[in-house]
Amino acid sequence: MNTVIIDHALLLAAILFCIGLLGVLVRRNIILMLISMEVMLNATGLAFIAAGSYWGQADGQIMFIAVVTLGAAEVAVGLGLTLLLFKRYNSVDVDNLKQLRG
Amino acid sequence: MTIEELIALVPLLVVASISVILMLVVSFVRHHRLISLITLAGFIAAGIMVFQSMGQPAIQITPLIILDDFSRFFIVMTCFASVPAVLLAYDYLRRSEDLKEEYYMLLSLAVLGAVVLAASNHFASFFIGVELLSVSLFAMVGYMVHGEHKRVSTLEASIKYMILSGVSSSFLLFGVALIYLNFGVLTFEGIQQKILNGTLNGYGMMGIAMLLIGVGFKLSWVPFHMWTPDVYEGAPVPVTAFLATISKVIVFALGLRFLHESGALGLFNVQAALAFIGVLSMLVGNGLALMQDNLKRLLAYSSIAHFGYLIIALIAASSASATNKALAMEAVGFYLVAYVVTTWVAFGALSALSQPEHGIEAENLKDYRGLFWQRPWLAAIFSVALLSLAGVPLTAGFIAKFYVFAAGASYTLWFLLGILIISSAIGLYYYLKVIMEMCKPAEDENDFQKAAIPFENKLILLVMTAFVLYLGISPQALIESLNSAIKVLM
Amino acid sequence: MLVLWLIVVLFVGGVLAGLAERVHAAASRWVTLATLVVSAILLWPLACAQPQAFESVAGQSGWLAVLQWEWIPRFGITFLLAVDGISVLLIALTIFLGFIALLSAWEEIQTRVGFFYFNFLWTLAGVVGIFAALDLFLFFIFWEIMLIPMFFIIVIWGHEDRYYAALKFFIYTQASSLLLLLSMIALVFLNWQQSGEISFSWFDLLGTKTEGVFGLLLMLGFFVAFLVKLPGVPVHNWLPDAHTQAPTPGSVILAGILLKTGAYGLLRFIVPLFPEAALAFTPYALIIAVVSVLYAAKMAFAQNDMKRLIAYSSISHMGFVTLGVFSWNALALQGTLLQMIAHGLSSAGLFAMAGAIQHRLHTRALSEMGGMWSQAPRMAAIAMFFAIAALGLPGLGNFVGEFLVLLGSFQMHPIAAILAALGMILAPVYALYLLQKSFLGEQSDTFSAHSASLFEFKAREVLMMGLLIFGLILMGFFPRLLTEYSDVALNSLQALGWGP
Amino acid sequence: MLNLLWLVPFFPFLGFVLLVSTSGKMPKPWTTMIGAGSIGLAALTTALIAYEFLSQDMTSFQLHLWTWMEAGNFAPGFSLYLDGLALSMLFVITGVGFLIHIYASGYMYDDEDFPRFFTYTNLFVAAMVMLVLADNLVLLFLGWEGVGLCSFLLIGFWYKDPANGLAARKAFVVTRVGDTAFAIGLFLLYKHVGTLDIQEAMIKAKLLWTEDNATASLICALLLGGAVGKSAQLPLQTWLPDAMAGPTPVSALIHAATMVTAGVYLIARNHELFLLSPDMMYAVAVVGVLTLLMSGFTALTQSDLKRVLAYSTISQIGYMFLALGVGAWSSAIFHLMTHAFFKALLFLTAGTIILSLHHEQNIFKMGGLVKRLPLPCILFFIGCLGLIAVPPTSGFWSKEQILNATWESSTGGPLIWLGAVLGAFMTALYTTRMFCIVFLGPSNGDVHEPKGFKFVAPLVVLAFLALVGGVFVETAWQLPLSNVFPGGHAPHPPTVIVVIAIATPFLGIAISYLFYGKRVFSAEKFANSALMKPLKTFFDSGWAMDWFYDLLLVKPYQWLAKINKKDCVNLLPDASSAAAKILHAALSMTQNGQLRLYVGVMGTAALFVIFVVVFL
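Residue numbers (the numbering used here), protein chains in the order written: chain A, 1 to 102; chain B, 1 to 490; chain C, 1 to 500; chain D, 1 to 616.
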């Protein structure tokens, strides 16, 4: 019974992870990319919680908190950069960023 | 936590406190030199403290932090290698218009992340360290976005780095989660026992794979290397240098510790994946660098290749024979040290010719035309760096390559060594191309080569060049300290 | 200790010569001259050493000036310098050609003089190091060290295609030397497994058992590196470019000395360290040798660029070295050594000649020369001499070398010797062609503008050429002056390989 | 006195060194003094040594100067070895050489490169003397190559004409082919007998091999290869006619009297080896007879005076080879000496004629010179008599011996003899033809006969030798040679054979005279007849050997050189650098700066790595 649940939880986490990755991949809007990234991070958080519950330990949840913190930090920096991006290009389209290449 | 543990932890605390102190100071007085001196003092103090404690028994401080000779070695290296980062940044910021002081906070946080990484043998500290380092770097890469002569590309580099790094962190974390699911422990050593017990299943394997992806991104192994050239090029020189040296080296050291302590290195599939990544890194890195005219990108590609070379030593570290294993680990250590000092020389020279006050960096090959005749010593020093990167004798890079050869040979990795030889030959082309450019007669007056080199920059160049040559001529001292550092892992 | 001083003097002299430019532009030359004189003086006691001064190292007799310092104990690497008769001769050749190259550089090098002589002396130091180093690691270090200054010499003072040539030169040699490094390390590890001691010393590695495919591969690593430097077909392509593009003193050093390091490597390492593998490989090595001799001779004939022609002739001549080494009997070995030295002198002379002509005509194209004899009979006679030396005329050094190699190799491998002897037919074809196109025939327009007095050799050049000519004639008639040195060393070396 | 043997090569060498070191700055008389004087001194020394040698009834004398090279057991010395054979050669070289030098000092006097000429010839004499005095084959090879070099230098003496350069190179390379065979022969000899010292090797060879040994035959064949190269015998004779591009004294000295006979000397010197191989003896005889026939036919068609003489030289050396092949060793050397006399005379006289006619060499533009150049005519006539072997000139004595020996020898026989007699007939034919065309008939053009001691004295001496030298050698010189060569009874073939041999030349003279002297028959008509014309062209081209070699060797080699001028091996580095550049171009397309591509690559790569780790 346990294993089935853990597999399901993991499957969900994996699906979320892939959705997030696809989001980063297909979106051009940097804000949506950041959101997709958050989805990926939260997928990992889900996986941690599932694993923690599987082992009956608190470690998984502690890690989840750390993950959430990271997400916040990244988004904080990310939004700051988004502002600058918008200031410079009057758009939040990351496809504007193609100066560095070769 | 005992008092001994606390004392042992002091260097880490010192590094951690730098950013706090800086914040406090800045709120009272914005004094660039003072700020930089505080940062410098903090790094040096922490470095000296750890250096003093080398050779003492290992101390496990909470499950998260371990201070053994291996971590001490890399902490010392981080602290001392951060000194030029401060000096270079001081020089660079002094000449640019942006806010200066906050940079040092970011830098000290990044160094803290690196120090934590070096001392981590638990996934939680691993994760915290990596992210501390990365998130600070996002901001550092995009630091110079203000001012009249700002570098427009910093923003682009920063965003690219942030997004890609975020994705890679997700992989890394998902991997950790899967590993945790498989084994139920988060310490490296705990995993080893589980693997030996045969509890490894598909989740664990997938976890290790995703961990490799995360680490591979930080080390810009091919095929996770895409960010490297863009970020190297876009970031200001001091940040690029930091990114190229400390952030990579520490992640590699941690990767070695993880792969070794967890026993994952012994898994055939992991070795196969590493070998595959190694071959790709060597060939693609050098292939991309081949006709590159932008020096920062060139160094980025070359670093990709160098971390590909290191994979050979990494795989060789899985050897069952203790002597060969020690050899391979020394090889890794030596290579990292050599790479750091050499890269500092290279970026020091790059910075010496840059003009941040105009938002210009000497990154184009043509900026170096005739440098030998305008500034012979600078050109000579830069050549030493390039030759060291190319692995020519009497430089640290040669001994490092020699070590990799030895490690590879001891583990009979002939195929990988063959690729190493081929890609080294390709690599020679672009290193020599730069040297040749410096030898060509100067066409017209080159402003880049006229400006005086600041004292800090000279200091970095001289000291690091001395190191490169010293390690190339007399490597025994470093070998011995490495030998004692890796004993704890055996 | 003397050898160490010799190397140190050259290194320090190089630095001083580099700095001397700041005092006076000409000062570098004189510092270089002084350095060479000092090193010649330092070499003197070695050259005069009596047999009783010979030491025996690890069962190998005939060694002089043995010096062994700890260096990197982690790998059993020591700073091991020792010379035997072979090394002394080659070091003497190096210093001698140093003088020659200095004379040829005297007027040709007018820009960045200090840096030139710095590179010049460092190359020589590296080469002396190669001939003296008996620790494989140290050998490798010197092996690489000499490349960099040579690279600079080509890049900075070379001719029109210098960048391409320099890159090719460096990449060829460096890539192959990585193979050498890998093989060295593998050999050391093999020895480590067998003896329990890790050591890079040549003496310690002699006893390593290197049978089987693995031994063959190790030997190939060494062989390829040396073959590239030698060079032998099919890895010779760097040489025509490098020689052609290098400035005259650069070509002189390249042809005269640098190629000899490859030959020395073949002599010192291949058969002694890998007797079985070398024996198994002999047929292929012989093919390479013969093809080098014939193919390069053919290529030489096809060239219009004077220096390229000479460069190919060098390849052809060095094919005899491969042939000699893989014959490994007393005759062939002695011949190999003599061939190395004689070729050093004759090719130095030819390149100095080509350089002198280019200096005057600003072209190396044979099609634009012709009939220079009437303008410059002295020059022509000297050119004639070297062309004749190159085609192996008896009475000159090259003949002794070639003849002994062929005679020796015929005892072991008659077919290969016969085929290589066909080189005797092809050599005059290109050598006389060279002569015909440059000095004989009708006078070309290119140099009718030059007055005879400007064209003819000056005293400095006559001195330079005279020294070389003297050396070649001396070798041709009294080769025993040299073989007396190398006898002991070659005999003990020969004992390490397979017997006849 | 004998210990001063080294002076013989030393004097010419000293002359060479003196002339080189002054690089032509000396006044001309001094140059003459040194150039010709050194040879004179050498000749004098030779005479003194010969006196002592003969008066003491020595068979051989060895002088060790120094050990040349040393490796293992191989230690050839720089040693001189004198015996009857060497002494005979020395006389020819220094004696005839001296006369030619005197002549040359007049002939070349007006040349701007007068000193250079003597530089080369002195070196030549030194090398030639070393060749004959060498006591080992390596030293012999030194002289052998040395004379080849000087031959090259002197053929191309007038370097401004590229044709001369070509002829010189041809001479060097073609003889070098033979030299290479020679060298390989040495290697083989050393491999089996372990020494290259001639006397020692001969003794060992006799102990080692019985008659008809294959190895011995092979060595002989290789030595023969060297000999045919140097002596311009089939199939390597093509260089000699072209070698006439050199100054005429050179043709006399090198390409008639001395160097080209080195091959004869080589075989004679190693006769003990050849005696072990009757097959090779036979081969030598066949080579000789074929060469003499071939060149006889060719000489008949030539129009250049010197080329006629060149082919006659080839033909006469063919006789010497024949003599060697049939074991008539002394006769071969005998003929070598007499040939040196009359051929040097012919060449030098031809030189005078050519000089008189302003360097005109075409015999058809001469004619009627008998009245205008009486003295040269007489001298040339004497030379022709010697060449035709009219009794009792010197040529008669030696040729008769050879023909007689051929008849009787086991390696000769009637067929070979017939060829030789036919050759004698041809010799008479073309010699008479040449003489008639040059001296008889209508005269055209004016002449300027060079006068003076230098032009006359050497010729007179040579004419004397050509006339009576044969008798002297036949009688007085048998002893020294018989010490060298195995003795045997003098050949006595049937009288009719002897008579035929003696009579044939007269028949030749008569026919030729009818054609060219009296012009009873028209030579032109005969030559232009449908049957003869292609044959004439064929003979004229030297039996198309040049064409054949050109097609077989020279053209392919040039073609090979031309198509591969850029060195096809270069493809290797070029292709790898191109591949690296393509790799770079392909890879840099991935670095297009698009963030989303980077993420995509990363995602795909992640899948791949996971696949490798988990499922592999």
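Derived by calculation from the structure, the hints in this document are not laboratory data.
As the structure is a prediction and not an experimental result, all values here were calculated from the model.
The beta carbon of each residue, even a glycine, is placed where N, CA and C say it ideally should be.
There's no promise every hint is true.
To be verified - Anything over 12 Å on all C-beta distances counts as not near chain D; from chain B, calculated:
{"hint": "1", "residue": "T2"}
{"hint": "2", "residue": "V29"}
{"hint": "3", "residue": "L212"}
{"hint": "4", "residue": "R375"}
Claimed, not checked - In the SDA-like style, the derived pairs of lysine to any residue whose C-alpha atoms are separated by at most 25 Å in a straight line are:
{"hint": "5", "chain 1": "A", "residue 1": "K87", "chain 2": "B", "residue 2": "I360"}
{"hint": "6", "chain 1": "D", "residue 1": "K451", "chain 2": "D", "residue 2": "G40"}
{"hint": "7", "chain 1": "D", "residue 1": "K566", "chain 2": "C", "residue 2": "A381"}
{"hint": "8", "chain 1": "D", "residue 1": "K160", "chain 2": "C", "residue 2": "L279"}
{"hint": "9", "chain 1": "D", "residue 1": "K191", "chain 2": "C", "residue 2": "L279"}
Claimed, not checked - In silico contact screen, one side only, chain B against chain C (beta carbon under 7 Å); selected entries:
{"hint": "10", "residue": "V152"}
{"hint": "11", "residue": "A409"}
{"hint": "12", "residue": "L417"}
{"hint": "13", "residue": "I421"}
{"hint": "14", "residue": "A425"}
{"hint": "15", "residue": "L428"}
{"hint": "16", "residue": "C439"}
### Task
Would you pick out the hints that fail for this structure and give their numbers low to high?
Result: hints 3, 7, 8, 10 break, sorted rising.
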